[in-house]
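Engineer: Chain Y is fixed; fit chains F and A onto it per the hints.
Residue numbers (the numbering used here), protein chains in the order written: chain Y, 1 to 475; chain F, 1 to 475; chain A, 1 to 475.
Simulated from the structure, these hints should not be mistaken for laboratory data. Check each hint, because a few of them may be wrong.
One copy or two, it doesn't matter: identical chains are merged, so the pair holds either way.
Restricting the straight-line Cα-Cα distance to at most 20 angstroms, the calculated cross-link-like pairs of lysine to any residue (SDA-like) are [as the list claims (entries may be wrong)]:
1) Lys168 with Val158
2) Lys239 with Arg55
3) Lys383 with Pro366
4) Lys273 with Glu448
5) Lys319 with Val150
6) Lys40 with Thr358
7) Lys270 with Pro455
8) Lys273 with Ser5
9) Lys270 with Val150
10) Lys40 with Pro377
11) Lys40 with Lys383
12) Lys114 with Trp164
13) Lys168 with Thr28
14) Lys239 with Met49
15) Lys239 with Pro58
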Amino acid sequence: MKKHSTSLRVRLPVLVLVLEVLLLALYTAFVTYDNDANAKLQNNETKPMDNALYRDYPYFADIQVMIFIGFGCLLAFFRLYGFSGMVFNFLTATFAIQWAILVQGYFQFSHAGKIHLGVINLINAEFACAVVLISFGAVLGKTSPVQLLVMALLEVPVFSVNEWAVLKYLRINDAGGSILIHLFACYFGLGATFVLYRPRLNEGHAKENTSYQSDILSVMGTLFLWVFWPSFNSALTLKGDDQHRAILHTFIGLSSSTLTAFALSAMLNKNGKITMADIQNVTLAGGVTVGASVDMMISPAAAYALGVMGCTACMLGYKYLSPFLARHLRIQDQCGIHNLHGLTGLISCAAGICAILTATEEVYGPSMYEIFSHRAPMEGDPKLLELQELIPGLQPGLGRSAREQALYQVAAVFSTMGVAALGGILTGFVLKLPYLASPSDDLCFDDELFFNVPPHYDCPMALNGQIKTDDSTAS
Amino acid sequence: MKKHSTSLRVRLPVLVLVLEVLLLALYTAFVTYDNDANAKLQNNETKPMDNALYRDYPYFADIQVMIFIGFGCLLAFFRLYGFSGMVFNFLTATFAIQWAILVQGYFQFSHAGKIHLGVINLINAEFACAVVLISFGAVLGKTSPVQLLVMALLEVPVFSVNEWAVLKYLRINDAGGSILIHLFACYFGLGATFVLYRPRLNEGHAKENTSYQSDILSVMGTLFLWVFWPSFNSALTLKGDDQHRAILHTFIGLSSSTLTAFALSAMLNKNGKITMADIQNVTLAGGVTVGASVDMMISPAAAYALGVMGCTACMLGYKYLSPFLARHLRIQDQCGIHNLHGLTGLISCAAGICAILTATEEVYGPSMYEIFSHRAPMEGDPKLLELQELIPGLQPGLGRSAREQALYQVAAVFSTMGVAALGGILTGFVLKLPYLASPSDDLCFDDELFFNVPPHYDCPMALNGQIKTDDSTAS
Amino acid sequence: MKKHSTSLRVRLPVLVLVLEVLLLALYTAFVTYDNDANAKLQNNETKPMDNALYRDYPYFADIQVMIFIGFGCLLAFFRLYGFSGMVFNFLTATFAIQWAILVQGYFQFSHAGKIHLGVINLINAEFACAVVLISFGAVLGKTSPVQLLVMALLEVPVFSVNEWAVLKYLRINDAGGSILIHLFACYFGLGATFVLYRPRLNEGHAKENTSYQSDILSVMGTLFLWVFWPSFNSALTLKGDDQHRAILHTFIGLSSSTLTAFALSAMLNKNGKITMADIQNVTLAGGVTVGASVDMMISPAAAYALGVMGCTACMLGYKYLSPFLARHLRIQDQCGIHNLHGLTGLISCAAGICAILTATEEVYGPSMYEIFSHRAPMEGDPKLLELQELIPGLQPGLGRSAREQALYQVAAVFSTMGVAALGGILTGFVLKLPYLASPSDDLCFDDELFFNVPPHYDCPMALNGQIKTDDSTAS
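If we strip away everything but chain Y, and leave its shape as in the complex, we get (with noise of 0.2 angstroms):
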């Protein structure tokens, strides 16, 4: 592989501009207006104010703000690889967005054979583009952007499809995408670094390491998605008290699972100094670890032991579990998204199990049938009727019971885990293919592959007066 060039100057134009022709393609063809964003079908009882963009809007720009910034400063915490973190971020997300609203749209949102485009789409798209982006972490600093666009060209439809297929035929409650979004990034993710396995990477790579101003910026990217996390969770549940709860038992989960990780990062360090690259991850474990169960009644405290449980496991995982999977498994998870989203992932989905099992009536009132929208009494069922007069506009449901709700939930996680190990798998073999620019190990982790550096940007001695001449040509 380290024979092939690695100029981006044909590779990558050519491929941006099949990729476009096709977008436009199919957005001239499929993609028009939803009923909210149609000046036509405004008249005199639209009220401009009822427009759902006033609902959907402040949650996706917050989402905005984690998919760009929030990931874009995280990824970019190699000493050496800052432009590559943050800017490959950039190029995947706008791709993968861009490319979630057609395949979201062909099966989520398509009527009479068009894509009914509004910001609801955005945020579906945002969820499928966090799902590459966090794939993308596995394999981080080891991928060309060819790569990574094939990467989002491949994962998308999957993910997508199996969204579709969890949702329609399983009907899961999964407000916080925890098995949907993160447990399928996370396989995915593996799958693919599990093919483009580098065994010369497991003897340490002299550039794989972090800078006091990239660890600050890691950091900086970590809060955005700290802060904005409990938008990200609530962007899908039910409007009021179930989106309330949703961003209580976020802020909570991840309220505990920060000052749970400053402690373990403390202890398990044989020095007791604590680790920048724990603050950077594990602290977001909590956000995580709510998800599956982040609309349903399970109480703040049981949010805080959430928090602390899924922070704990996180730790242990990058302490433990990463070294083991990369030197026996060869599985090189480079961000250690088996940790954040896996482990988590599966402690999220057990916890919403036993939410679903232990919801009562008493509890929830009969909005239980809204939350637990398939446990509503079917069509016909009289009883159906008697919680109509309460909750208006109840939909009828499939009548299920908790245990059976409990089943699908297990059936869910194990059909995604398979689907996106799968997936992932096969994108990886794509991704070895030739003339894909994949980096040869030694570039690996280094900006210099595929920017314009500033001159000795490796060794800021450079900017010193001596060699200022040399600079004077970078602008």
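Structural biologist: Chains F and A only, in chain Y's frame:
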């Protein structure tokens, strides 16, 4: 000019004192609260949550982030000019807004001799502020804070008069401000920099370059602008579906222009690598290009195409046009605002005119006469009454035909460009007056001139142990 | 003190474990959902979009950014203390909020022995958290994370009791928290740092200085605080015109204080250059100064004047008062909180009192009795019935006169200052207890003490090729 002192010790305080006395006097004499901020007008009809605050504030907050953090980081891209880029942006922006509240207030928000102040005025003032900051991009690194305040002092009134005259007499559609904001700011800035021409800078300047850290900081600024641009383009549209479309179009346009920017950046570099300056600037082209038609029913595909076109024009401008302007037309456009705001603005206006010419009731329904309000039938026209039954509260218009409206748009483009260029040139001459602390050529692009910088700020070796003692004096 | 070990390996985990067990027990026993987050209370009357969530969450999110990113970056201004400033802020803030939810909940949000949790509690808890972080500014660089957690553990209850007592018994107007937040935080922090006095630090410390990058990072923090301060000052005002005014006044006050800060910074430096520390701190003075009268009809001009006055006092405080306090009163105020929160807070209180004394029904209309709720007529007073016809749902008040209300404000100022200073001093003594890992004088302002730092983090030469091999051990 070099002989003049550049100490700010007297100049800046005196100028600021004069400005503040002036501003305070004018605020005292003329500024009062608008109805939604006036306690006295609250009665048992006024519902607190109906306050305009709740419609406007979220957009205001997003634009605040763009102005102070987005622009601030973006303009900090020079290796030794980070303090100045970020902090002069802060200074100029705060003054421009205070000043614009008064000037715009006089022209647009005054009733019975009083300026009525609400958050909506602040949004308008931030647009005026954005104009000044865009023009600032043309003279970045070559101007003192005193000059920047003077520029803001002169540019805000010229902008406000042009905005007021165009809206009152030409009556155009320009939701995203392509004409009134981007074209105006661009040609005003070019006019000013034309007069401030410094021949020696064409030979290249030892400090006119970036560092690894400054490039990353600048990309962060780009990302903040990118993320919140939909709020910028939609802040002043009609509420409801119009604003919804504005957000969709801006997001799609930005996405496609970002993807294109990466491809072109790699393609136009002989070594096939990506240039950070392209990512910092060209990715944003789509946001400007969709501006003039952002609230119209142009279809998502058209927004996509506009993003690609604007990005391409912008990129070619950086590659070929800017060097030409600097060498042959004495126009040193430091940040290339002519590419990012001028060329894209012109494409945007052309697109807006096409959208106007092709607009039909078939596509828009009766609300066409809300979006193109000047095409609504005139008072007394029976058609007006029919329409008002369909769209309550539809205002009578001017009964313009599509072609008439298009011609007015064209008139607005050229008159705005003319007024801006002339105003910029005259401002340039004012900025050349002595005692404005204009930096000498060698001290351009250097924070040391106007800031107490940490010792050896241009040479990180200074942090080394040996000379730490020097540092201890720096706090 | 130097002899004590500063390893966090046992101390931090033990303290955190104890705290988490305590918190989890209390959450389990006492914390439940408030009505707007409780599924059971949803019925066919409750409209989802009427949920308090949609009024409170946007302000909560803005304050989150201020607490975690604004403060975090601002406190990272030391050259070698960026990890600590940013990350200890993160740790302290998360714990303080968890703890404040319980303590404030007990005093303000408990019904029938249960704390009712909603987003509104989180906003209140973030205010308590802001208090701790302001006090943290006084002892920055001289304290261990263990000490900071202990400080938060003690400060939150003292703050909450004072807040509760003042609001319940003195009944004051303090929308922006000038008294309850800024004055309290300031004098608590000064009390603590007075006890933690370190004579040797008065001689200057080799690491007590900034670098080019740390100064820029800190300004970013300032900008985030600046941008979202209007949300901070208006989060707890009455909805509608009151909140509208709070946002306008805060924005105007910040703008005028920023402009003033630049002028004074240049004026007070012999060399006529701008000092970054002034931009980082003094520009924010206006936000505090408008606090106590932020929701009143003081006129925009008054907000402007308050910004200028507060900024001037703050700047002079940094220049002359802080050195005096350190040299003669053993008060080492690391970030100058006495200037930014103390002096400005006092001016704010004085302004608030003037606003109260000059308030008339002529200016406010009947809603004067909503803003100054304690001046509303008492139950049974015929005037109350008249007013309730004009303002439905007006609560009966205490029938206070303006002068009476003013006297209660004065009482609140002095009692708060007294309680805070006393609490701070006592906390200071607790922080001096052994085993809290207090850093030795030479290791103050240095990340190396509590963090695994990249090799040669204080000497970027390390990034140089020759010793890259060392680096490879750092990841």
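Engineer: Take the hints in turn and mark each one as holding or not.
Structural biologist: Do the hints match the structure? See the list:
1. In this assembly of identical chains, Lys168 and Val158 lie within 20 angstroms of each other by CA distance solely inside one copy; the values are 15 angstroms within and 54 angstroms between copies.
2. Taking the shortest Cα distances, Lys239 and Arg55 sit within 20 angstroms of each other both inside one copy (9 angstroms) and across copies (13 angstroms).
3. Proximity of Lys383 to Pro366 under the C-alpha cut-off of 20 angstroms is restricted to the intra-copy arrangement: shortest distance 11 angstroms within a copy versus 45 angstroms between copies.
4. In this assembly of identical chains, the alpha carbons of Lys273 and Glu448 lie at most 20 angstroms apart only when taken from different copies (9 angstroms versus 33 angstroms within one copy).
5. For a Cα distance limit of 20 angstroms, the shortest separation of Lys319 from Val150 qualifies neither inside one copy, at 32 angstroms, nor across copies, at 28 angstroms.
6. Within a single copy, Lys40 and Thr358 get their C-alpha atoms only as close as 48 angstroms, which misses the 20 angstroms cut-off; across copies the closest is 15 angstroms, which meets it.
7. Taking the shortest alpha-carbon separations for Lys270 and Pro455, only the inter-copy value of 17 angstroms comes in at or below 20 angstroms, while the best intra-copy value is 38 angstroms.
8. Proximity of Lys273 to Ser5 under the C-alpha cut-off of 20 angstroms is restricted to the inter-copy arrangement: shortest distance 12 angstroms between copies versus 43 angstroms within a copy.
9. Taking the shortest Cα distances, Lys270 and Val150 never come within 20 angstroms of each other, neither inside one copy (42 angstroms) nor across copies (24 angstroms).
10. In this assembly of identical chains, the alpha carbons of Lys40 and Pro377 lie at most 20 angstroms apart only when taken from different copies (18 angstroms versus 38 angstroms within one copy).
11. In the homo-oligomer, the alpha carbons of Lys40 and Lys383 lie at most 20 angstroms apart only across protomers (18 angstroms), although the nearest pairing inside one protomer, at 40 angstroms, exceeds that limit.
12. For the homomeric pair Lys114 and Trp164, the shortest alpha-carbon distance inside one copy (17 angstroms) is at most 20 angstroms, but the shortest distance between copies (42 angstroms) is not.
13. Taking the closest pair of Cα atoms, Lys168 and Thr28 never come within 20 angstroms of each other, the shortest separation being 28 angstroms inside a single copy and 37 angstroms across copies.
14. In this assembly of identical chains, Lys239 and Met49 lie within 20 angstroms of each other by CA distance both inside one copy and across copies; the values are 16 angstroms within and 7 angstroms between.
15. In this assembly of identical chains, the alpha carbons of Lys239 and Pro58 lie at most 20 angstroms apart whether taken from the same copy (13 angstroms) or from different copies (15 angstroms).
The structure fails hints 5, 9 and 13 (numbered hints given earlier, in ascending order).
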